[in-house]
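Residue numbers (this note's numbering), protein chains in the order written: chain U, 1 to 311; chain A, 1 to 325.
Footprint (simulated), chain U over chain A, 3 or more residues, beta carbon under 8 Å:
| no. | region |
| --- | --- |
| 1 | 66-79 |
| 2 | 97-104 |
| 3 | 127-139 |
| 4 | 159-173 |
| 5 | 185-192 |
A few chain A positions that, by computed beta-carbon distances, are all more than 12 Å from chain U:
| no. | residue |
| --- | --- |
| 6 | Gly58 |
| 7 | Val85 |
| 8 | Ala109 |
| 9 | Val199 |
| 10 | Gly227 |
| 11 | Tyr228 |
| 12 | Arg262 |
| 13 | Lys278 |
| 14 | Lys290 |
| 15 | Ala293 |
| 16 | Ala297 |
| 17 | Arg307 |
With a Cα cut of at most 25 Å, we get these calculated SDA-like pairs of lysine to any residue:
| no. | chain 1 | residue 1 | chain 2 | residue 2 |
| --- | --- | --- | --- | --- |
| 18 | U | Lys111 | A | Ile156 |
| 19 | U | Lys111 | A | Ala104 |
| 20 | U | Lys6 | U | Arg29 |
| 21 | U | Lys294 | A | Tyr228 |
| 22 | U | Lys111 | A | Lys106 |
| 23 | A | Lys106 | U | Arg135 |
These are calculated hints, taken from the structure and not from any lab test.
Note that the coordinates shown come from a computational prediction; the quantities given were computed from them, not determined experimentally.
Every residue, glycine too, gets a C-beta built ideally from N, C-alpha and C.
The primary structure of each chain is shown beneath.
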Amino acid sequence: MTETSKPALSLGPVYFLWDGPKWRDFYFRIADEAPVEHVTLGETVCSKRQHFSEPHIAEVVERLEAAGKRVTLSTLAMVTLERESRHVRDLIRDSAHPVEANDLSALGLVKGKPHSIGPLVNVYNAATARMLAARGADNICLPPELPAGSILQMLAAMPGFSFELFAFGRMPLAISARCAHARSKGLTKDNCQFICGEDPDGLPLRTLDRQSFLVLNGVQTMSNTCAVLVDDLAPLVEAGLSRVRLSPQDCDMVRVAALYRAVLDGEMDGREALAGLAEAYPGVPFSNGFLHQKEGAAWVSRGRNAAVAHG
Amino acid sequence: MELICPAGTPAAFREAVEAGADAVYCGFRDETNARNFPGLNFSREELRQSIGLARAKGVETFVALNTFMRAGDEALWYSAADDAVAIGADALILADFGLMAYVAEKYPAQRLHVSVQASASNADAIRFLVEVFGAKRVVLPRVLTVQDIARLTRQIDCEVEVFAFGGLCVMAEGRCSLSSYATGKSPNMNGVCSPASHVRYRQDGEALVSELGAYTINRFGPGEASGYPTLCKGRFEIGEVEGYAFEDPVSLDVIDQIDALRAAGVSALKIEGRQRGKAYVAEVVSSLRKALAAAPAERAALVARLRTMSEGQRTTAGAYDKRWR
Numbered sequence: 001m002t003e004t005s006k007p008a009l010s011l012g013p014v015y016f017l018w019d020g021p022k023w024r025d026f027y028f029r030i031a032d033e034a035p036v037e038h039v040t041l042g043e044t045v046c047s048k049r050q051h052f053s054e055p056h057i058a059e060v061v062e063r064l065e066a067a068g069k070r071v072t073l074s075t076l077a078m079v080t081l082e083r084e085s086r087h088v089r090d091l092i093r094d095s096a097h098p099v100e101a102n103d104l105s106a107l108g109l110v111k112g113k114p115h116s117i118g119p120l121v122n123v124y125n126a127a128t129a130r131m132l133a134a135r136g137a138d139n140i141c142l143p144p145e146l147p148a149g150s151i152l153q154m155l156a157a158m159p160g161f162s163f164e165l166f167a168f169g170r171m172p173l174a175i176s177a178r179c180a181h182a183r184s185k186g187l188t189k190d191n192c193q194f195i196c197g198e199d200p201d202g203l204p205l206r207t208l209d210r211q212s213f214l215v216l217n218g219v220q221t222m223s224n225t226c227a228v229l230v231d232d233l234a235p236l237v238e239a240g241l242s243r244v245r246l247s248p249q250d251c252d253m254v255r256v257a258a259l260y261r262a263v264l265d266g267e268m269d270g271r272e273a274l275a276g277l278a279e280a281y282p283g284v285p286f287s288n289g290f291l292h293q294k295e296g297a298a299w300v301s302r303g304r305n306a307a308v309a310h311g
Numbered sequence: 001m002e003l004i005c006p007a008g009t010p011a012a013f014r015e016a017v018e019a020g021a022d023a024v025y026c027g028f029r030d031e032t033n034a035r036n037f038p039g040l041n042f043s044r045e046e047l048r049q050s051i052g053l054a055r056a057k058g059v060e061t062f063v064a065l066n067t068f069m070r071a072g073d074e075a076l077w078y079s080a081a082d083d084a085v086a087i088g089a090d091a092l093i094l095a096d097f098g099l100m101a102y103v104a105e106k107y108p109a110q111r112l113h114v115s116v117q118a119s120a121s122n123a124d125a126i127r128f129l130v131e132v133f134g135a136k137r138v139v140l141p142r143v144l145t146v147q148d149i150a151r152l153t154r155q156i157d158c159e160v161e162v163f164a165f166g167g168l169c170v171m172a173e174g175r176c177s178l179s180s181y182a183t184g185k186s187p188n189m190n191g192v193c194s195p196a197s198h199v200r201y202r203q204d205g206e207a208l209v210s211e212l213g214a215y216t217i218n219r220f221g222p223g224e225a226s227g228y229p230t231l232c233k234g235r236f237e238i239g240e241v242e243g244y245a246f247e248d249p250v251s252l253d254v255i256d257q258i259d260a261l262r263a264a265g266v267s268a269l270k271i272e273g274r275q276r277g278k279a280y281v282a283e284v285v286s287s288l289r290k291a292l293a294a295a296p297a298e299r300a301a302l303v304a305r306l307r308t309m310s311e312g313q314r315t316t317a318g319a320y321d322k323r324w325r
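Just chain A, same shape as in the assembly (with noise of 0.2 Å):
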């Protein structure tokens, strides 16, 4: 299975080469990816610098342009397909259908992979989108145990790439406005979720309450230890029980179903977190990149230490595990 990792700066893209990366994914600073966040992404001249670099060493770099065309503004979207295309990007990963007809229709060699904000999480829905835009890979949305995607694999033809680490989506991802309910700024339109812009700490008597927009996400206790309130992750009432109703913070790791994943007909493994610094980037690609390469009986030394920085430095199998749901 290839590794695929994630860059949100030149220095986190060089990283994941020399880590082991058999490619690198990344975006442009704008809108026109998921991870649209202050500081981070790439200019047209660093991507062409990276893709540079990354061909050098045999690596492949796929450019994401995974956020929705806003009406009235696609020129940006379309624009970044195009430098995307002539700087050498190996594949673009998309999710818009305006967006994967533009670039099917102009440029029929390009590969084209669909994003898992485009939430193709069924085998209709795939051959779907290999029909109409000639799709060579999906990844697959976060809502599929192991044997959901034994059972896609077999009957697609199409390759599978699924996240093994990072951040965790507990919605369907593209389909989730529940931030920009809160914040009116969307995740699909803006590429922003829980955005920095929106979010305020404020000290209430012994408590930190954390916020975003108008609404608390979580409160902590002293000596409580606090996280950033990305809205699925926090803490709400229901009934009057308070609890985690969606998902603790927790992050995603299924380095104990590399082999499952394999046998499942996987092509790749994907590593969230273009928001990390390089150091992180570098420690996660070469521990993930010697656990491949490992019996399974030496994988859990070799991945112990990444759980620690992990988010919540707590991890899950997710929907990868049936009981999750």
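With the rest of the complex left out, here is chain U (with noise of 0.2 Å):
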């Protein structure tokens, strides 16, 4: 990696349903801990579960704010009732913080505030990006179902603008209005008992054959594999990569961020920080296949990358 190209950290929202004080902890630790410098947080997935880390928002910011990170607050993925439009509303108005645009209706609202957009709205290209930095976005992280190709033009396109790669966790691939988690155990969304909360890293579905597939996160469905670009970032960030996003996981993210934040430095190689990794996230497979134009779920080692990314 070149000196004057060192991307910043930037740490996404949990997407999962965290009880209070688990939450809470979790983002004590990163502010006391972990090396990254910016941090999305809120309910991004399911209205229902804001009650759950609301209460702990205001402290959980000071802390975060106090270790020098930079707070950004998430909107939602889904807007359809009107208290959900409502709380996007009121959120985009009143924060003193930067808010990251999830959903169509945030976009609407933010101009004119400090804002980012999420992985979650549908950036595929140069002439949507501009659009939306026109319109006074700082901060783009890319859907994780981008090829390189598409993000190496985009950098080349808009040469100083902030893009962010959502580069480490499970990626989200789809949202509902019915919620599939519920409905595995045999409730419904409107009357869910929370049962997500069961699965503080999703609930996995397999295959008939057995195959590890999917994770069930509520109404929000994920790959079954961690995504994990530590090993390819280096064209990316030579082209301008601004951040990189790592997505929370129930594992040790203070230990993924500093060996993210080793590769990034170029004190670690990225064959290296694999297996930390690994060890970090026992049990989940990795993947690539999405920034090397195949299966999401497919894995692409380094030996390899040049064909792929290039071919």
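Join these two chains into a complex; the hints should help.
In structure tokens:
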């Protein structure tokens, strides 16, 4: 990595339902120990869960800021109810912090306010990124589905603009009005008893041939594999990538952040970091297929990177 | 309410026009639309002829350019928009902000409809699209109840079109990369979901196994009707229990709620099915045309036959009914 282009590390919002104290303690430890510069937080997946984290937001933000982290508040990924619309409007109007827009309703409301664009907004090309930047977005975390070719195109088209890469964590693949998680336990979304809280790292869904495939997280469906792009960063950083996002899993995220930081600082080889990540988040297969324009679930090791990425 | 009908081929287009469509929607034969299947869709010349035919009958033509422009290949989408405007499309159905910005700036008089793929599910989102791109109509994602829709139409200055019959996305449209995760082909960038090129059927003893990419999507016992392995309609295992984790192989049918949708302020009903044959299109369009004109009590008989033509031969009101959630 070159000296001039060390990207910042950013921590995305916890997508899972963790109980209030667990959620608070997670962020306290991030504040105290994790080498991340940006933290985006707040319930993003399901408005029904908001009361779990809300009582702790003020103290978490205070602790993070005292530790020098820059805090952004996340908006909901899907807004259909009046209550949800009101929540997003209030958040954007009243927030002393920048917000991350994760759906179209927020996009219309954030104009003129400091904001960034989350990975759940469809930004597939520079024309879209430019339009969002012109309306005031100062950072765009690109969707996990993008191949390296698209990312490089956007970096080249908008030099100096802050693009962020979803580089660690189970990937959000879909969201529905229906809660498959509640349904799997004989409940419905409207009477869910917050059953998704039983699965703080997602509920595994396997094929009938017992292949690991996806995990359910309330109304969101995620990959079973964990996106790990730690060994794919160099060419993107050289091309001007500004931030690298880590999406919280129920694992030692402080260690995960330290490994990514070490690689970005040129102090550790990507392959060595992979071994460390396998210890920090054991038992979960890694993937980087989307970046290499393959099945998202695929893993392409670096020996074959050049052929795939530029092929 | 208008009836907006699908056409995957010029023959289906003619059938839809004859059967009573108010407008027909279609796409070009490439990745610029979300039904990019082999053997489907229109060349520029076919679109020109079809628009001529429709116009002679007072029927409008909407051109769907509703995938997301792949960075570096934007020219494919821009030229599709240029050509659709030049050929005389009555509306362009768009999902990508970059493409909407291009059309709004270059062709300010062109009617712009927001595709379901854009997932505009609330008043603030739609106001944003109206303000920034001058959108005239939004096709709502299949995540709202009829009550939600009624509340929504009162708050916006934009026509609303909803899906009434045909295939049913379980996930918010345009925000799903499940198929891409399994196959590497992206619904958003390549216009294909659960593509046939990645489907395989395999006999395993007594069972017929359907696969998408490397993944088993379903397993049918002897005598059990098999179906196409659309990922979100597959059977999976969660905690030792096997079942349809997201949705059964059903399709959408909201004929029973026509009056409620009309009262909710819906401008147009949309029929899914550009991948279906011309006989299907003719049958569905003419039945729905009759149903729209019929008294509520007569509707059930009119559409009973249609249900037998649906995927899985079973239907659901989907998200329009709160209990579906």
